[in-house]
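Could you build all of it, start to finish, from the sequences and the hints given here?
There are 2 protein chains.
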Amino acid sequence: MNDQVKNYGLEEAIAAVAARGTIREIYFVACGGSYALLQEGQYVVDREAKSIASYGYSSAEFLSRAPVRLGKDSLVITCSHSGNTPETVAATEYARKAGALTISLTNLADSPLDKATENTVFYEWDPLAVTSKHNSVMLLLLVFGILDKLEGNSKYALVSKAVPALHDMGEKLKEKYAAAASEFGESHKREPVIYTMASGSNHSTAYAFAICLLQEMQWVHSACIHSGEYFHGPFEITDFDTPIIILKGLGNARKMDERALAFAEKYSKRLTVLDAEDFGLEAIAGEAAEYLTPIMFNLVLRVYAVELSDSRGHPLTVRRYMWRMEY
Amino acid sequence: MNDQVKNYGLEEAIAAVAARGTIREIYFVACGGSYALLQEGQYVVDREAKSIASYGYSSAEFLSRAPVRLGKDSLVITCSHSGNTPETVAATEYARKAGALTISLTNLADSPLDKATENTVFYEWDPLAVTSKHNSVMLLLLVFGILDKLEGNSKYALVSKAVPALHDMGEKLKEKYAAAASEFGESHKREPVIYTMASGSNHSTAYAFAICLLQEMQWVHSACIHSGEYFHGPFEITDFDTPIIILKGLGNARKMDERALAFAEKYSKRLTVLDAEDFGLEAIAGEAAEYLTPIMFNLVLRVYAVELSDSRGHPLTVRRYMWRMEY
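Residue numbers (the working numbering), protein chains in the order written: chain A, 2 to 328; chain B, 2 to 328.
Bear in mind the hints are in silico, worked out from the structure with no lab data behind them.
One should not assume that every hint holds.
You can't tell identical chains apart in this list, so a pair holds if it fits in one copy or across any two.
Stated by the list, open to error - Keeping only pairs whose Cα atoms sit at most 30 Å apart, straight-line, the calculated DSS-like set for lysine-lysine is:
hint : residue 1 : residue 2
1    : Lys116    : Lys73
2    : Lys51     : Lys150
3    : Lys116    : Lys190
4    : Lys98     : Lys73
5    : Lys51     : Lys98
6    : Lys73     : Lys256
7    : Lys51     : Lys73
8    : Lys256    : Lys116
9    : Lys190    : Lys267
10   : Lys190    : Lys270
Now the structure itself:
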């Protein structure tokens, strides 16, 4: 165990998948912010895998669906920061019992999740700094490592090569967006509702900001709108005073974000636009850049959340229910 | 074409799948309300299929992801009520070009979607009545018909047998909920935000009510919360005056809804609870009942939406952007 902690378990987990022989499908299963994180991995498999199916579920939904297919050709990747989210531990145990191979990401060794799973990948997580052991980084290395091992995937090398540059890029971005974030906090401190919008690799980032940062940590009403779905219902809510945070991604999905932004700009004066093209990811990761955008969006959005919480006098650490009672 | 219109194309579509031989995966692809509808089918495959993978995508996201796996062993089911949703027509053409078998649901013969697809299944749709050709009914018969043909599925017979009873059940439910719906409309007419919450087969119903009925047709802020995810962020938004419409489903998922409701009841005085156990579906469909719950929830929720729109003096037909301009 100690050795595994030391090297974070990444290589062992990838080797366990390779040793398994046939993996026909990968399930990404977690709750809340960890679920949003894993969807970054599910997106990679969805876009890149030549023959492997992939699914994303909130842990309770996974247990409820109890897919008949689940078995020895399945890989189930779960995640819990504390390692003690009951639904995620239960999902991991359920998957293992069904014969699936299990890999779990967590920050905490010897946690219930670490004990329930066959292969643990440990990560570090500082919401305001990207290290080479950052949760999203470890997830990307795991998923691309698996794809490369099972099917061959040239983007594994691109991602690996980009990792060392991420920390400094993040530090620069925090500086770059500091003034805009402060302005956002002040100008949005009385908003009762703030929407987020994104697509592709960043949809789960926008989802996490809506449910974890705004609803959970700020008690501000929010919903994540998919940039493509925007035109099929949600756009009717757009008005001059409707606040929407729009993430412009890279790759194929960018077109969806651009179209949504072009429309929203005409009818709302309360847009906050963050553009992944301003991050510099294409220079360090080439064709794999779109998979790294959530890392930088999460970092920059955290700076915005900190400023909003300061302006509102409502610390991000305050909870009224979570961890404070049985539920 | 005329013959196909006459018999709605259902048997032909199922036969086309059977004739195909190998179907390894089914994609459910549409926009907005049609996307929500198709997710009812995706849920069935997810729960029931022994070896077939299934995915749900908004049409633009499907085109953007451009899954490498898509090919001759894939079935792509698309849907557009008018048959002229550009992204869905494009998704159908894309899938067909990739070698996938295509089946499309629509209300309109000779529409662009009808022309783009290989197999059309026509449906009827009255938001306030469930006929045996209702969109959800046709979708369920299609999906269970396919599963039964490819893998054998005993619930196809259960669903088929239940269909003739749905119309009268719907009529009775409209009466049963009339007073409660009217009270909901009056008591919620000044709410700026109304949440919906559900899980399992009804999650997409709650999603549709949030984005199509509340955001699009009432310009009321809304978000669909997953009952299982509720405890991992969104529940912190719960307060004595937070309005949430909670759908209690059947089957495995019911536990998630019950847990969320038990918590929400403690802290909000503004809950609206609709319980599928009050519909009588188990008596007519047995173990397949959970798959029919969206049909009745959609109907009852429509009655609630009509009452809300009456109380607000904001007809459900009003749009400020949709169909009124280029976007």
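Cross-check of the supplied hints:
1. Taking CA atoms no more than 30 Å apart as the test, Lys116 paired with Lys73 passes inside one copy only; the shortest distance there is 20 Å, against 42 Å between copies.
2. For the homomeric pair Lys51 and Lys150, the shortest alpha-carbon distances inside one copy (12 Å) and between copies (27 Å) are both at most 30 Å.
3. When the C-alpha separation of Lys116 and Lys190 is checked against a cutoff of 30 Å, the pair qualifies neither within a copy, at 43 Å, nor between copies, at 51 Å.
4. In this homomeric assembly, Lys98 and Lys73 come within 30 Å of each other (Cα to Cα) only inside a single copy, at 10 Å, whereas the closest approach across copies is 33 Å.
5. For the homomeric pair Lys51 and Lys98, the shortest alpha-carbon distances inside one copy (28 Å) and between copies (18 Å) are both at most 30 Å.
6. When the C-alpha separation of Lys73 and Lys256 is checked against a cutoff of 30 Å, the pair qualifies only between copies, where the shortest distance is 28 Å, while the shortest distance within a copy is 39 Å.
7. Both within a single protomer and between protomers do Lys51 and Lys73 lie at most 30 Å apart by alpha-carbon distance, with minima of 20 Å and 13 Å respectively.
8. Proximity of Lys256 and Lys116 under a CA criterion of 30 Å is satisfied inter-copy only: 26 Å between copies versus 43 Å inside one chain copy.
9. Taking CA atoms no more than 30 Å apart as the test, Lys190 paired with Lys267 passes in both settings, with 23 Å inside one copy and 28 Å between copies.
10. For a Cα distance limit of 30 Å, the shortest separation of Lys190 from Lys270 qualifies both inside one copy, at 16 Å, and across copies, at 26 Å.
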